[in-house]
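Colleague: Below are the chains, spelled out letter by letter.
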Amino acid sequence: MKVTFNFGSFLSARSVMGDTMYELGQKHNNVWALTADTGGALKEFKNDFPDRYIDVGVAEQNLAGIAAGLALEGNIPFISGMIPFMTMRACEQNRTAICYQDLPVRFIGTGGGLTSGGGSTHNAMEDISIMKSMVNMTVLSIGDPNMVRDIMILSMTYPHPLYLRLAQGKKDRMLYEPGKYEYKIGMGLTARKGKDATIIAHGEMVFEALEAANTLAAEGIDVRVIDMYSIKPVDKDLACKAARETGNIVVLEDHLMEGGLASTLADVFVDAGVYPKKFKRLGIPQVYAGFGSGEEQRIKYGYDKTATAAAIKKMLK
Amino acid sequence: MADPKEVRRLQKLAYEMRKKLINLCGNYDGIVHIGGDLSMTDLLIGLYHHGMKVDPKDIKSPTRDRFLLSKGHGAVCMYIAMSLRGYFDYDEIVRTYGQLDSAYGMHPCKIQLPGVECSTGSLGQGLAVAAGLAFSAKQKKETHRVFCMMGDGETCEGEVWEAANTAGSYKLGNLIGIVDRNKQMMTSFDGEYMNLEPYADKWRAFNWNVVELDGHDMGQIVNALDKLPPVTNKKPTVLIASTVKGKGVSFMEKNIGWHAGALSNEDMQKAMADIEAGFAKERSTAK
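Keeping their order, the protein sequence lines are chains A and Y.
Counted the way my numbering counts, the first sequence spans residues 234 to 550.
Counted the way my numbering counts, the second sequence spans residues 238 to 524.
Just chain A, same shape as in the assembly (with noise of 0.2 Å):
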């Protein structure tokens, strides 16, 4: 499969989000869209579907819950907001509210990371452990803003809970050519073919991970990079496969170390006997991360191009 990268171009997957809600929301007259008072990107949904829009001020517990009785008569409610809102203050009631239930709520969440420039409270570093520890949840993480309308509009037929886990949303780098590629919840994609080493890596981070492989590649290292954009269920598949092949595996990741891609797929190479040669995770260590932008922190922490780029040679040594 030849990739097409786009690395000059960006556009803000919050206004992705905006469009596709709009368009949704005139093919099907089911879709909701709801927000704790972070709706600047549904406007056009919120002028023609006024009945279909709810906005219940700072509360996203009870947005949650509303959700889920919109669920339970048929509707497909799409929750936008901040992470760290949508997935902890409403922690229980996605679980029991919704994943109980296993009803069809679409989570779409932006400031993945180290991303929202917010400092600890606005930070989402938790968030992928949280949400794919719940029974139904399904979870996703994406960099490329096309892919956003793609993934909405393929959950219209995805009868479970599902999370979208953004980064900031304001500025998304485009990857992949749109609707070139067809996105599917369980699977991963090769975004750049390689034998040495794979980082397989999630969201904005595998722009990153793209650099740190065209760095090495000047230097006759050889790398693939997986955008394992489906985390919850995860392509075992395709990561067993890089094990196997290439040997050496970093995943790469702007969530905490523990609990994210990287404790997924250590559970998925033990669970089946694959054992890579060398495993390393690069992401947020145990820290309450301070201010600052998303780069510079990923620099501050050392899971940034650079940092990868050495962690494979020093790998490969």
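Among the clues, some could well be false.
For each label pair, taking beta carbons as the anchor points, the in silico distance ranges come out as [as the list claims (entries may be wrong)]: (1) 350(A) <-> 295(Y): 18 to 26 Å; (2) 284(A) <-> 460(Y): 28 to 36 Å; (3) 344(Y) <-> 387(A): 53 to 61 Å; (4) 467(Y) <-> 392(A): 30 to 38 Å.
Don't read these hints as lab results, they were simulated from the structure.
Every residue gets a Cβ at the ideal spot worked out from N, C-alpha and C, and that includes glycine.
Position chain Y relative to chain A; hints supplied.
Modeller: Frame of chain A, contents of chain Y only:
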């Protein structure tokens, strides 16, 4: 005024239901939340046997009224009210309650027991879900109501007031909250630590239509349900029903020890006698 014949019919059902509750509690090898079951017995009879448009033979009818038991620990009380209406077999409830693979457990599960509208048990969550059902009905211009039974203790949860705020703001006139105001939590009386008063004013402040009633006076229950405003009302309605935890059983009434418990044979006999006596008294004083 409520039709006296209808009130007598419902009182008889409530009496039967109390005996069935005590019988189940006495035959179950474990604890039952009997205190709060007895406090909402009359209300559930009023709802399932008079106030709500429901049909046990058509549990998915789009026009049915919806009922959510936010105080999910009172599930057994709901099962029995529903069994008296023809949803379930009471003997099966008694035989299997709380057993492995039974559909009838301590907290109601929609997936295991069709007829239950929503799985509940985590306190304070019901009203928000009920608001979701009400939003959907309002948007589709459906004419049914959504009833949500809450315990007063669980209204200490913030989510209840978030939902109350939303329902008031969005004028969900099809949403009816019922509070089983027995003034007892699991381990304390109202006012001992937490003071919920002025309770009705709190709901009024959230733009709700408030109806206060005696939750053990079947005439008042029938009146309140008959006089609910239309679903197009500009405010949701809450029925604040003053009740007694353990109502009808002398040693349980207002006794902190009887939030939940198991009944010995001797206690069961005594409880049955109390309920018989209470019903006889109710009948003798009826106009």
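Colleague: All hints, please: hold or fail.
Modeller: Hints, one by one, checked against the model:
Between residue 350(A) and residue 295(Y) the beta carbons are some 54 Å apart, a value that contradicts the proposed interval 18 to 26 Å. Checked against the hint of 28 to 36 Å, the pair residue 284(A) and residue 460(Y) passes, with Cβ atoms roughly 33 Å apart. For residue 344(Y) and residue 387(A), the hinted distance range of 53 to 61 Å is not satisfied, since their beta carbons lie about 34 Å from each other. For residue 467(Y) and residue 392(A), the hinted distance range of 30 to 38 Å is satisfied, since their beta carbons lie about 35 Å from each other.
Hint check: violations occur at hints 1 and 3; the rest are consistent with the structure.
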